[in-house]
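Participant: Take a look at the letters that make up each chain.
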Amino acid sequence: MTMPGTDERLREAFGALAAGVQADPDAYRRASAGWRRRHRRRRLVLAIVAAVVFTAADAVGLWALSQADPNTHVIFSDPSYRPVAPEQVDRIGQP
Amino acid sequence: MKDVGTSLQRTEPIPEPSGPDREAAVAELFEAHHLPLVRLAVLLGADDAEDVVAEAFYQLYRRWPRLRSPEAAATYLRSVVVNLTRMRIRHLQVVRKHAARTGDELAHAASGEERAVLRDDQKALVDAVRALPARQREALVLRFWLDLRESEIADAMGITAGSVKVHVSRGMAALSRMLEERR
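First to last, the sequence lines map onto chains A and B. Taking my numbering as reference, the numbering of the first sequence is continuous, increasing by one, and the terminal residue is 100. Taking my numbering as reference, the numbering of the second sequence is continuous, increasing by one, and the terminal residue is 264.
I should point out that these hints are in silico values taken from the structure, not numbers from a laboratory. Just to be clear, a hint being listed does not mean it is correct.
[As the list claims (entries may be wrong)] Calculated pairs, SDA-like style, for lysine to any residue (alpha carbon to alpha carbon, straight line, at most 20 Å): (1) Lys204(B) to Gly25(A); (2) Lys204(B) to Arg258(B); (3) Lys204(B) to Pro214(B); (4) Lys246(B) to Leu51(A); (5) Lys204(B) to Ala21(A); (6) Lys204(B) to Glu17(A); (7) Lys178(B) to Ala215(B); (8) Lys204(B) to Gly10(A).
Start from the sequences and build out the full structure, keeping to the hints where you can.
Facilitator: Below is the structure:
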């Protein structure tokens, strides 16, 4: 239940209010300088964060390696394994 | 900042200008849409309409490669301005609530010289619109000032066309009621 003509009055009021609004003629220069500055800062922050993460990962890896016992062999860890002297090698079958 | 627009959900990347081309495209859009968007922000009740619109253009500039199509830019900007204005008004309401100044009316860009050009009945109507809930105010401004279709309003507000219909009809009913009471 709307009053008759409310939509027309609304259009008129909006139009009159909007007509009174004027934009700053220097708006583009100010706005574009602002968004370029923010864009540069954003990229710089991203680059710094990436560098920090990379450096931290490197540091953790180096620290983990430096903590390892140099006498412990990861690949040949079988306790029953003993190096065989060359004279004990089975020569049967060899030419 | 989170995405405040609704025209960026594209699936297939399309070739878009970048670098200087992007600058030129955004500058062209700024030239064409800046003033109407400032007016839209003022009508929606923004107290810092220029800042809201500048932020909308920054969001467009930043997300330019993800834009569905260059034609979607105007819709995206409108959507960002509507959402930013709503967020800004909510923020001001919270600030004022905490400052125990709830009796104060929301300051907005139209509180000064823009309102001076209005007749008394128009001032009453604008005040009544400002007193409406945000969604109803947005639906009425987009419908009666920009003359958008329901689907376009729905796109700008990020709601369904059915909800737009509801907001417009409730807003008009509330306006009529308020104007009747003032008589």
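Participant: For lysine 204(B) and glycine 10(A), compute the direct alpha-carbon distance and say whether it is at most 20 Å.
Facilitator: Given pair lysine 204(B), glycine 10(A) holds - Cα atoms ~16 Å apart, limit 20 Å.
Participant: Starting from lysine 178(B), check that the Cα of alanine 215(B) is at most 20 Å away, please.
Facilitator: 17 Å, holds
Participant: Is the Cα-Cα distance between lysine 246(B) and leucine 51(A) 20 Å or less?
Facilitator: 44 Å, violated
Participant: What's the verdict on lysine 204(B) and alanine 21(A), does the C-alpha distance respect the 20 Å limit or exceed it?
Facilitator: 10 Å, holds
Participant: Take a quick look at whether lysine 204(B) and glycine 25(A) sit within 20 Å of each other, Cα to Cα.
Facilitator: 13 Å, holds
Participant: Please work out if lysine 204(B) and arginine 258(B) have their alpha carbons no farther apart than 20 Å.
Facilitator: 16 Å, holds
Participant: Taken at face value, is the distance from the CA of proline 214(B) to the CA of lysine 204(B) at most 20 Å?
Facilitator: Roughly 18 Å separates the two Cα atoms, so the pair holds.
Participant: For the pair we were handed, lysine 204(B) and glutamate 17(A), check the Cα-Cα distance against 20 Å.
Facilitator: Holds, at roughly 11 Å.
Consistency note: the structure conflicts with earlier hint 4 alone.
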